[in-house]
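> Take a look at the letters that make up each chain.
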Amino acid sequence: MATATGTLPQVQEETTIWTWLTTVDHKKIGTMYGISGFAFFLLAGLEALIIRTQLAVPNGAVVDADRYNQLFTMHALTMIFLGIMPLGAAFFNYFLPLMIGARDVAFPRLNALSYWVFLGGALLLTSSFIFGGAPDGGWFAYAPLSDEEFSPGAGLDFYAIGLLILGTSSLMASLNFAVTVFNMRAPGMSMMRLPVFIWMMLVVNFLLILSLPVITVALVQLVFDRNFTTNFFTPAEGGDPILWQHLFWVFAHPEVYVLILPSMGIVSEVLPVFSRKPLFGYAAIVFAGVAIGVLGFAVWSHHMFTTGLGTVPQIVFTASTMAIAVPTGIKIFNWMGTLYGGSIHFNTAMYFAVSFIALFTIGGISGVMHASPPVDSQQQDTYFIVAHIHYVLFGGAIVGIFSGLYYWFPKMTGRFLDERLGKIHFWLMFIGMNITFFPMHFLGLSGMPRRIYTYDADLGWETWNMVATIGSYMLALSIIVFLVNFFWTMRKEPTATDNPWDAPTLEWATSSPPPEHDFDVIPEVRDRDPLWYDRDHGIEKVEPPSEMHIHLPPPSYFPLLIGLGVLLLGVGVLSHLALTALGVVIVIYSIWGWALEPTE
Amino acid sequence: MEATEAAHGEHHTSLGVDNRMLLMWIFLASECLFFGSLISTYLIYKGESLVRPLPDDVFDIPLTSLSTFVLLVSSFTMVLAVYAAHHNFPKMMKLSLLSTILLGLVFLGFQVYEFRLFGSEGLNLSTNQFGASFFVLTGFHGVHVGVGVLYLGSMLIGSMRRNGLGPSGGLYMEIAGLYWHFVDIVWIVIFTVIYLIP
Ligand SMILES: [Cu+2]
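One line per chain: the protein sequences are A and B, in this order.
Mapping of the first sequence onto my numbering: residues 1 to 600, in sequence order.
Mapping of the second sequence onto my numbering: residues 1 to 198, in sequence order.
Pulled out of the complex, with its shape left as it was, chain B reads as follows (with noise of 0.2 Å):
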């Protein structure tokens, strides 16, 4: 085992840590900084807004926290499936992993309502500041969700050929799991900051 992975590309490093590994590590740092901007701009433009709706008008806590909790769920589900990929259950890994692509799905289905809902209500991108900077914060994080959910789709598909996703299977899950969970915390701070706090 420890020879055939050494022939497959965990090749030698300074660190000890995957190359690939490492990139995703550094990348979500720079995603740190991404959001932190978008969150940042909605907090400043918060009370500038001169004309209704504002978040007293349009937020409903009940539904969103119930997408919140489909994508928390998400992150369960991918934890599963980074553990059955380093312990070799490809069932099991290919179910989890179903399991995280559907409910990340659920949750751009629960964005997309809460987006039109609240359109009808009067809140588009023009409306006012709290109507630009919410949209746009969101809809970037619905636009990581998305990619996500891309990412773990070729990622199943992958594991469907007959090798599945080769001796690094387990690395890769483990990477891909890195990007999910980033993306799911990324929405509880905006959950919290955006919707919870008043």
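Bound conformation, chain A alone (with noise of 0.2 Å):
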């Protein structure tokens, strides 16, 4: 049993593999999301990259078709599922505690388990490179695409079991967080006092929560279409294509908002702490973003005007896209009211945070103009959504991603990233990433196809692909400079304050790095800023009691277990059915050593 005791905050206990591996602590396990999150996208940029590499120059010959569907589709679903979604989970794992003011989540062990689940799926999916080549059928995976005639070996199997375990591991975690965000708020800790990244992160929960189990039925059926002899999306034998569709887009489109809102909230935390005043319309932005996520739910279908949806939900839907641009431009102007009038401080975060505003504010841009019926038509499968995705999810997501690495750097290893690195960082990545993606929607507009592997000399779209090639390797450049910044900061000192930005929020009135419990007394808030109203308030820190008794759940090894069960069941399926049926013993097994163990 781990037990906190005395008033040394900072015993640093032996770290072993063992503890890492059955670590029921939030921080620990934002780590590993941390860490897998970025080796993933990582791997979704090399992937990028010979895309990018083929595309160079006309007639490329770098990969054939075949593997560059393959490359198109993992480069997706390794950035959305296995990057971006893993990094912003590890910033909600490490700081949702820290920042409501409890000294872990509500349930830590499946907490534990949904990274374990996590990692299981992300290999799985990603060992299909291996195992008989992998998914090609986008990561939307359209039918008939996505059946046996049209993909005839197993990385379909791979994308739907992949996905449903991923999924899994997502239920779990939103779950876990939007009990822990409702219920173990410290005392004073008001709804309407949440910082705001913890609302956003409410609303991606809710958004996975209710979204996850319409693609779940999707890929179940996806699986039994393939595997089990039914005709869900087979029109010969009267299925429908396009119920595929609507269930993929009703969970898809509120991923995009899953993918987003993190950064959204990322860059409300460190606005207001580098403009040196609080955040501008608290409440207005609260709701925009709950209103982003109520309306996120009515406008799948416009990702499928082409379809021929009809007259009648051709305009709703393109009315709730257009009412979904409302809340999101209240936003902006709330980062922009935050900046007006402070003194601001430009560091590293700050760069990435105003960058945000205003590339997030293009893809937003572009994406209204899709929301239009006819000029869809138009830029239906062209690269000018290619670019339109990449504002919103690099110079939106990424970008915000990156803002929060080097606010909470200090917070989380009590070391600063290096500043004059960093610059270089961003300068790198702002200007690469602007030449990759902006050409894009020049070429989309002059006709270019997504997803073609190569193109003929005489189309006018040298120029413009040669351009991207190039930003796209000064983004893998600007990454990097961003590692040799990480490694080379690991090795200094720590140096870091308590709360060394003067910022806010309640994760910087502990130590540079929290100790194991978080808080040694748990805080009182007092108002919306709770480290800026005591500050003015002249209300000191509570000292410690000289004698500490704090309950720390101990560490298990069942969430291990159970997800290593998970992953046998997802192998089974696309292996031998005799290891599902180990999966489902070592599950059943797991779940009751995992009631009958003492958590006191």
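Hints listed in this document are in silico derivations from the structure and should not be mistaken for laboratory results.
Keep in mind the model is a prediction, meaning the values are calculated, not measured.
Be aware that one or more of the hints could be misleading.
[Unchecked claim] In silico contact screen, one side only, chain B against chain A (beta carbon under 7 Å); selected entries:
| # | residue |
| --- | --- |
| 1 | Thr13 |
| 2 | Leu15 |
| 3 | Leu22 |
| 4 | Ile26 |
| 5 | Leu33 |
| 6 | Leu38 |
| 7 | Ser49 |
| 8 | Gln129 |
| 9 | Ala132 |
[Unchecked claim] Some residues of chain B that are not near chain A, with every Cβ distance over 10 Å (derived):
| # | residue |
| --- | --- |
| 10 | Ala29 |
| 11 | Lys94 |
| 12 | His144 |
| 13 | Glu174 |
| 14 | His181 |
[To be verified] Facing chain B, according to a computed beta carbon distance under 10 Å, are these residues of chain A, among others:
| # | residue |
| --- | --- |
| 15 | Ala106 |
| 16 | Phe182 |
| 17 | Asn183 |
| 18 | Ser190 |
| 19 | Met192 |
| 20 | Pro213 |
| 21 | Phe224 |
| 22 | Ser446 |
Built from N, CA and C at the ideal position, the CB exists for glycine as well.
The two chains are supplied separately, each in an independent frame; assemble them into the complex guided by the hints.
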């Protein structure tokens, strides 16, 4: 039983592999999410580099068409499910309890389980490259591309099983986090005092809780179509491929908010700190986030305008899609209002946060453009859409994540990332990202389709393709600079004080890095910006009592064991059902062990 | 009594609802969307089957009404089990829990029988859209009942230990009851929408 005793808040326990495998500490789990997420982010970036190299010149011959299909499919899947989502989860794991003044999440073991199941699903999906070819039907896997006739290999089975496992992980994490936000808040931390990052993540959790079951049904139907003789999506047998599209996008449109909202939350934390004034219009930004979440469920068919929905549905989905620009715009004005009149301190975190506003706005505006069906039928399946999503997901989600990384790094490690390297990283990334993705608008408008593995010389696409490829190499360079910065920083002595930025939120009320039990004394919240309130009212931090006995949940190996069982379930469906049976046995056995394990 | 409860993990929560109870409620919201999507699929494919058999050819309403009734009764025995757990009647609790499990198993037996019957009348997963959407929907409901039987079975075994389910036993039973009632309600919806409405 781990009990923190005494007045030394920073007793560093010996960490071995076993402590990481059995940990239920949200900070360790967050770190594991972060490292895995970043590794997969690099892998997905590598896939993108191969794609850009292939497209640099006409009739490129780096990869063949088949491999190319696998690469763009896996690039999307890896970035979305194995890169950006876990990186968001990493921050949320690490900072949710710290920001609401709790000692851990509501269900520490379930938290560990979410991670292990995620890792299993991620490895399973990625291993498809080795075992007979990765999924090649796009991340959307439209029928009939996904059926046995057009995808005879195992790729689409890896896709379906992998996403089912990853979905299970996300669902467990979301349930856990939602309960934590509702139930584990420190005294005085009312819902309308929650940091905006927490609010945005709460919206994300509900988006996942309500949309994952829909994609689960679609994936189950796909598995049945491919393996158990049903014909859900086979037109010749009365099946309807459009049903897949509906089920997929009911999940996948909310999913884009799952990717962007965490970063919106991060910049909402960073901007006030380095503008030295409270967030402008807190309530508006919270309600706008909730409105985006609600409306996000009512716009999915804007991905399907060209399937012939009929006039009325087109009008409805056009209207709802345009309506969602309103809360998004509110947020942008709030961020600018926060900057306005502030004494702005430009460091790397702030560079990323401010450029987030600009880049995300570009992506948002091109998004509203294809809310209009006639415009959309021009842009559908062209590089214009590729440009749009990368402004939202790279210029938005990734840039926001880097902002958070530079901002929270001292809290997580006690060390400051180097500012000079940080700014080089920023400028390379900012310029590289615009050089890569802005020309794709032109390519799209001049008719270059997405997902073609090569093109002929005289179509007028050479220049901008070459430019985009150069930009992508700049992006790669920026990541190398970041990695150098990271490893160099980690060798420095930790110098960070509790609150080096003079930030207002609770995670800065404890040491950097935080002790295992997070807070010596659970803080009392008196205002929306608690640390600023205490500072301005001369309220001293409560001294910890000389004798502390804080119960922390003991480590457990059952999450790892269940994660293994779940992985076997999936591997079994892909290979031999005996493994599935073994997986079931392991899962049931471990759940019993879990239930009987003492947690006090 | 109050003191022992506080000592045994019914922590103070911001909303005043137990964490595990809240988790189950939110999970069931997710489950609503799961079954909602399966039922929608069934309804979308209604009338899209290219070959027989169709629902009218195979459905045996009196038989399914009987199995529906069995499941309804199991909800009633579940209520008794929760009541008994809260009021500390361990014998009554175990008995009601056992009846709930047995009724759940009888329901599953009906389902297996029905599936085999339909199979012998030429309906299976690959026959037509009715077969595919019907078997996947009711199959997944059956899996939920099966999980419920395992869940309640574990509770029953747990309650036979020397100190039973511990001081939070009532709460545990209530959460299990929530799940069980949800699965029953889903069946009522399935029975109404798929069997009764022509
Ligand atoms: Cu969308």
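> Taking the shortest Cβ-to-Cβ distance between lysine 94 of chain B and chain A, state whether it exceeds 10 Å.
holds (18 Å)
> So is alanine 29 of chain B really clear of chain A, every C-beta pair being over 10 Å apart?
The claim is violated: alanine 29 of chain B sits with its nearest Cβ about 7 Å from chain A, within 10 Å.
> Mind checking the CB of leucine 38 of chain B against every CB in chain A and telling me if the closest is under 7 Å?
Where the cut-off is 7 Å and the nearest Cβ of chain A is about 6 Å from leucine 38 of chain B, the hint holds.
> Would you settle whether the hint for alanine 132 of chain B is holds or violated, based on the nearest Cβ-Cβ distance to chain A being less than 7 Å?
holds (4 Å)
> Does glutamate 174 of chain B clear chain A by more than 10 Å, comparing its Cβ with all Cβ atoms of that chain?
holds (16 Å)
> With a cut-off of 7 Å, does the beta carbon of leucine 15 of chain B approach a beta carbon of chain A closely enough for the hint to hold?
holds (5 Å)
> Are serine 446 of chain A and chain B close enough, Cβ to Cβ, to be under 10 Å, as the hint says?
violated (39 Å)
> Closer than 10 Å between Cβ atoms is the bar; does proline 213 of chain A clear it against chain B? Give me holds or violated.
This hint holds: proline 213 of chain A lies near chain B, its Cβ roughly 4 Å from the closest one there, short of 10 Å.
> Please verify that hint: serine 190 of chain A, Cβ, nearest Cβ of chain B, below 10 Å or not.
holds (9 Å)
> So, as I understand it, the hint says serine 49 of chain B touches chain A; can you test that by seeing if any CB pair is closer than 7 Å?
Status holds, d = 6 Å.
> A closest beta-carbon separation below 10 Å is what the hint needs, so does asparagine 183 of chain A meet it against chain B?
holds (4 Å)
> Beyond 10 Å from every chain A Cβ: check whether that's true for histidine 181 of chain B.
With a cut-off of 10 Å, histidine 181 of chain B remains clear of chain A, as the shortest Cβ separation is near 19 Å.
Hint check: violations occur at hints 10, 19 and 22; the rest are consistent with the structure.
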